[in-house]
Amino acid sequence: MKCRVITNKQLNPRYYKLTVLAKEIADQAQPGQFVMLQVNSGFDPLLRRPFAIHRWWDGGEIEILYQIAGKGTRLLSQLCAGAVVDILGPLGKGFSLPLTGVRPFLLVAGSIGVAPLLPLAQDLISKQVLTPNQITLLAGGKSQADILAVQEFGDLGVRVKICTEDGSFGQKGLVTDLLAPLLQTAPSPVFACGPTGMLKAVAELCRQYQTPCQVSLEAAMACGVGACQGCVVKTQAEHADFKFQRVCCEGPVFEAEKVIW
Amino acid sequence: MPPQLNVNIAGIKLKNPVLAASGTFGYGEEYSRWLDLNQLGGIVVKGLSLNPHQGNPPPRIVETPAGMLNAIGLENVGLKVFLEEKLPFLTRFDTAVIINIWGKEVADYVTIAKELDSVREIAGLELNVSCPNIKKGGISFGTNPDLLMELVQAVRSQLTRLPLIVKLSPNVTDIVAIAIAAEKSGADALSLINTLIGMAIDVKTRRPRLANITGGLSGPAIHPIAVRMVWQVAQAVKLPIIGLGGIMNSSDALEFIIAGARAVAVGTANFITPQTSIEILNGLRQYLVEQKIEDVNELVGSLAV
Ligand SMILES: Cc1cc2nc3c(=O)[nH]c(=O)nc-3n(C[C@H](O)[C@H](O)[C@H](O)COP(=O)(O)OP(=O)(O)OC[C@H]3O[C@@H](n4cnc5c(N)ncnc54)[C@H](O)[C@@H]3O)c2cc1C
Ligand SMILES: Cc1cc2nc3c(=O)[nH]c(=O)nc-3n(C[C@H](O)[C@H](O)[C@H](O)COP(=O)(O)O)c2cc1C
Ligand code: FES
Numbered sequence: 001m002k003c004r005v006i007t008n009k010q011l012n013p014r015y016y017k018l019t020v021l022a023k024e025i026a027d028q029a030q031p032g033q034f035v036m037l038q039v040n041s042g043f044d045p046l047l048r049r050p051f052a053i054h055r056w057w058d059g060g061e062i063e064i065l066y067q068i069a070g071k072g073t074r075l076l077s078q079l080c081a082g083a084v085v086d087i088l089g090p091l092g093k094g095f096s097l098p099l100t101g102v103r104p105f106l107l108v109a110g111s112i113g114v115a116p117l118l119p120l121a122q123d124l125i126s127k128q129v130l131t132p133n134q135i136t137l138l139a140g141g142k143s144q145a146d147i148l149a150v151q152e153f154g155d156l157g158v159r160v161k162i163c164t165e166d167g168s169f170g171q172k173g174l175v176t177d178l179l180a181p182l183l184q185t186a187p188s189p190v191f192a193c194g195p196t197g198m199l200k201a202v203a204e205l206c207r208q209y210q211t212p213c214q215v216s217l218e219a220a221m222a223c224g225v226g227a228c229q230g231c232v233v234k235t236q237a238e239h240a241d242f243k244f245q246r247v248c249c250e251g252p253v254f255e256a257e258k259v260i261w
Numbered sequence: 001m002p003p004q005l006n007v008n009i010a011g012i013k014l015k016n017p018v019l020a021a022s023g024t025f026g027y028g029e030e031y032s033r034w035l036d037l038n039q040l041g042g043i044v045v046k047g048l049s050l051n052p053h054q055g056n057p058p059p060r061i062v063e064t065p066a067g068m069l070n071a072i073g074l075e076n077v078g079l080k081v082f083l084e085e086k087l088p089f090l091t092r093f094d095t096a097v098i099i100n101i102w103g104k105e106v107a108d109y110v111t112i113a114k115e116l117d118s119v120r121e122i123a124g125l126e127l128n129v130s131c132p133n134i135k136k137g138g139i140s141f142g143t144n145p146d147l148l149m150e151l152v153q154a155v156r157s158q159l160t161r162l163p164l165i166v167k168l169s170p171n172v173t174d175i176v177a178i179a180i181a182a183e184k185s186g187a188d189a190l191s192l193i194n195t196l197i198g199m200a201i202d203v204k205t206r207r208p209r210l211a212n213i214t215g216g217l218s219g220p221a222i223h224p225i226a227v228r229m230v231w232q233v234a235q236a237v238k239l240p241i242i243g244l245g246g247i248m249n250s251s252d253a254l255e256f257i258i259a260g261a262r263a264v265a266v267g268t269a270n271f272i273t274p275q276t277s278i279e280i281l282n283g284l285r286q287y288l289v290e291q292k293i294e295d296v297n298e299l300v301g302s303l304a305v
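In order, the protein sequence lines correspond to chains A and B.
Residue numbering for the first sequence follows this note's numbering, starting at 1 and increasing by one per position.
Residue numbering for the second sequence follows this note's numbering, starting at 1 and increasing by one per position.
Since the hints were derived computationally from the structure, they do not count as laboratory data.
Warning: the hint list may mix true and false statements.
[Unchecked claim] Each computed DMTMM-like pair below joins lysine to aspartate or glutamate, with the alpha-carbon atoms no more than 25 Å apart:
| # | chain 1 | residue 1 | chain 2 | residue 2 |
| --- | --- | --- | --- | --- |
| 1 | A | K17 | A | E218 |
| 2 | B | K80 | A | E238 |
| 3 | A | K243 | B | D108 |
| 4 | A | K93 | B | E85 |
| 5 | B | K80 | A | D241 |
| 6 | B | K136 | B | E150 |
| 7 | B | K204 | A | E165 |
| 8 | A | K234 | B | D202 |
| 9 | B | K86 | A | E238 |
| 10 | B | K184 | B | D174 |
| 11 | A | K142 | B | D202 |
| 12 | B | K204 | A | D44 |
[Said to hold, decoys possible] So these bits of chain A aren't anywhere near chain B, every CB distance computed over 10 Å:
| # | residue |
| --- | --- |
| 13 | K93 |
| 14 | Q122 |
| 15 | T136 |
| 16 | T176 |
| 17 | P189 |
The beta-carbon is built from N, C-alpha and C at its ideal position, and this holds for glycine as well.
Given only the sequences and the hints, what does the whole structure look like? Please build it.
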């Protein structure tokens, strides 16, 4: 689907926010779903790039929060308002919303991993699963620049706790250092997105405290629609040691306890 | 009058010459949300084996300049689940269904070919000969003329109804010798090319980028090699040819047809633009009109040298 760029704004040297008009995607999007975006029409880079849908509006705008990671995202950052990008989506299976949300929920973000957690928080609040003060975002990153979208969570009334590895913003340390004591006092459902190492550590903590945890995984993708089998992750199987599931369609969100890390 | 697009591949009647290539179009259902499958000449489904197969560990794909490497490892649901759960969906559409099959030894191919021969909804079999023969020390069936002849003869002798397409591997010194071996041993048609074996290394970690170390290269990077191979093979055999490798647009597809292919298959391009096949079809129609060619078959092998 060809979409017109509304804005493509630099947030800091490494992060950008792209807003495009994509009515069909905005109409169908669910928290945790993603799109495959074609960064250019040439053959290098060849493949589309996957990005979480960060925000969307009834008017049809969708927003992507992205990090300059390489060739493709650098090209993406050069798009100007008015340019046209081809976007496929919405794709994948997003977060499952538990309907009885008595306990507070913890959203755990590793830098850019915050992207799909904002719509989750919005959904939990608008569907009245929880009140804003029953949601806490734990946001971690290497440095202050990696802590994103804090303002948006604050606007929703969600509590935000921050940590950075270099101590430049919030507590010094890893996001699991924030998570562990909270789970110890009250085991709460966890929704996490970030680098694989972080997700693995979060999953381990949740297993320890016996609390449900959903993780949004990343994998290199070619098609994004389930056709190439390129994006698989190892998960628990009933009658075998393991099975491979496609991150693009059985995921990207998985129950952490089903993933074989 | 709109140009005539029907082609016949060894008895498989295609309403147009544009197919979806094996392994790049799943079982059809994955793409049905994005395009009308009725418009395709045919769909070649993901390589099927008798038993379900788990495939290789990730990472399975890596992008390379104008191409990609894949080492999926032929993951598939196996014959039983395919017939029960995947084929019924595909048969709802007016498009030829071709089954790409593979095995680890000749007997595997023979068994699955025999089972499929009686399935009415199937239009043809495509033999993937790029996989290793475990009985012959893992050397690929498609790289040795004797191994290939043994396989093709064994499968051919089991088929009473289905046309047999042999899909050639480009990882050989002489593709023509292999094509002739396939023709002699009873192949009804040829498709070429499968992926070229390649490799990519992460220089920071000095590790291979694929868990399998090597993988198959596909995409626009391989197109000129594929066109050359189709042209060489078309000179040497009488069998109808399905040309594929790096087709991104109608001009890429036309090169194959002019080189001698009667049909083409779209692979990696599906990942980037699911509607590529339909765009190619439109481009093909327009070209035929502009060139005042009434029937696409007139264009096949029309290379002026
Ligand atoms: C479901 C999903 C959602 C994502 N959401 C976001 C998001 O909201 N914001 C954001 O900034 N990034 C997101 N990513 C990661 C993003 O897709 C990669 O950073 C991006 O593809 C890098 O492309 P590049 O050309 O800049 O980098 P390159 O390193 O040049 O890319 C080369 C190849 O590696 C693949 N690749 C590289 N890094 C990753 C990675 N981390 N995950 C998957 N594939 C990778 C690319 O797709 C490409 O095929 C998401 C990934 C997935 C799977
Ligand atoms: C992800 C992927 C999976 C593939 N799986 C198969 C397969 O199962 N059987 C087969 O014969 N070819 C398979 N192929 C090869 C393609 O059908 C095709 O021959 C090759 O990719 C070249 O065409 P392309 O450059 O247009 O992709 C696969 C290719 C890709 C990229
Ligand atoms: S990216 Fe192709 S199956 Fe997931």
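Going through the hints against the structure:
1. The hinted pair formed by A/K17 and A/E218 meets the criterion: a straight-line CA distance of about 19 Å does not exceed 25 Å.
2. Only pairs whose Cα atoms come within 25 Å are accepted, and B/K80 paired with A/E238 is accepted, the gap being roughly 19 Å.
3. Between the alpha carbons of A/K243 and B/D108 the distance comes to roughly 23 Å, so the proposed pair stays at or under 25 Å and holds.
4. Straight-line distance between C-alpha atoms of A/K93 and B/E85 comes to about 21 Å, which keeps the hinted pair within the 25 Å bound.
5. A hinted pair counts as satisfied when its Cα atoms are at most 25 Å apart, and B/K80 with A/D241 qualifies at roughly 21 Å.
6. About 12 Å separates the Cα atoms of B/K136 and B/E150, which keeps this hinted pair within 25 Å; it holds.
7. Distance restraint check for B/K204 and A/E165: the Cα-Cα separation of roughly 23 Å lies within the 25 Å cut-off, and the hinted pair is therefore satisfied.
8. For a cut-off of 25 Å, the pair hint linking A/K234 to B/D202 stands: about 23 Å separates their Cα positions.
9. A threshold of 25 Å between alpha carbons decides the hint, and for B/K86 with A/E238 the separation of about 22 Å falls inside it, so the pair holds.
10. Restraint check: the Cα-Cα separation between B/K184 and B/D174 comes to about 16 Å, which is no more than 25 Å; the hinted pair holds.
11. A hinted pair counts as satisfied when its Cα atoms are at most 25 Å apart, and A/K142 with B/D202 qualifies at roughly 23 Å.
12. A C-alpha spacing of about 21 Å is found between B/K204 and A/D44, which places the hinted pair at or below 25 Å, so the restraint holds.
13. Chain B leaves A/K93 outside its interface by the beta-carbon criterion, the shortest separation being 14 Å against a cut-off of 10 Å.
14. Remark: the non-interface label on A/Q122 is consistent with the geometry, its nearest Cβ contact in chain B lying 26 Å away (cut-off 10 Å).
15. Every beta carbon of chain B lies more than 10 Å from that of A/T136, the smallest distance being close to 32 Å; the non-interface claim holds.
16. The beta carbon of A/T176 is kept farther than 10 Å from every beta carbon of chain B, the shortest such distance being approximately 24 Å.
17. Distance to chain B confirms A/P189 as a non-interface residue, since its nearest Cβ pair spans about 28 Å, more than 10 Å.
Figure legend: structure checked against the earlier numbered hints; every hint is met.
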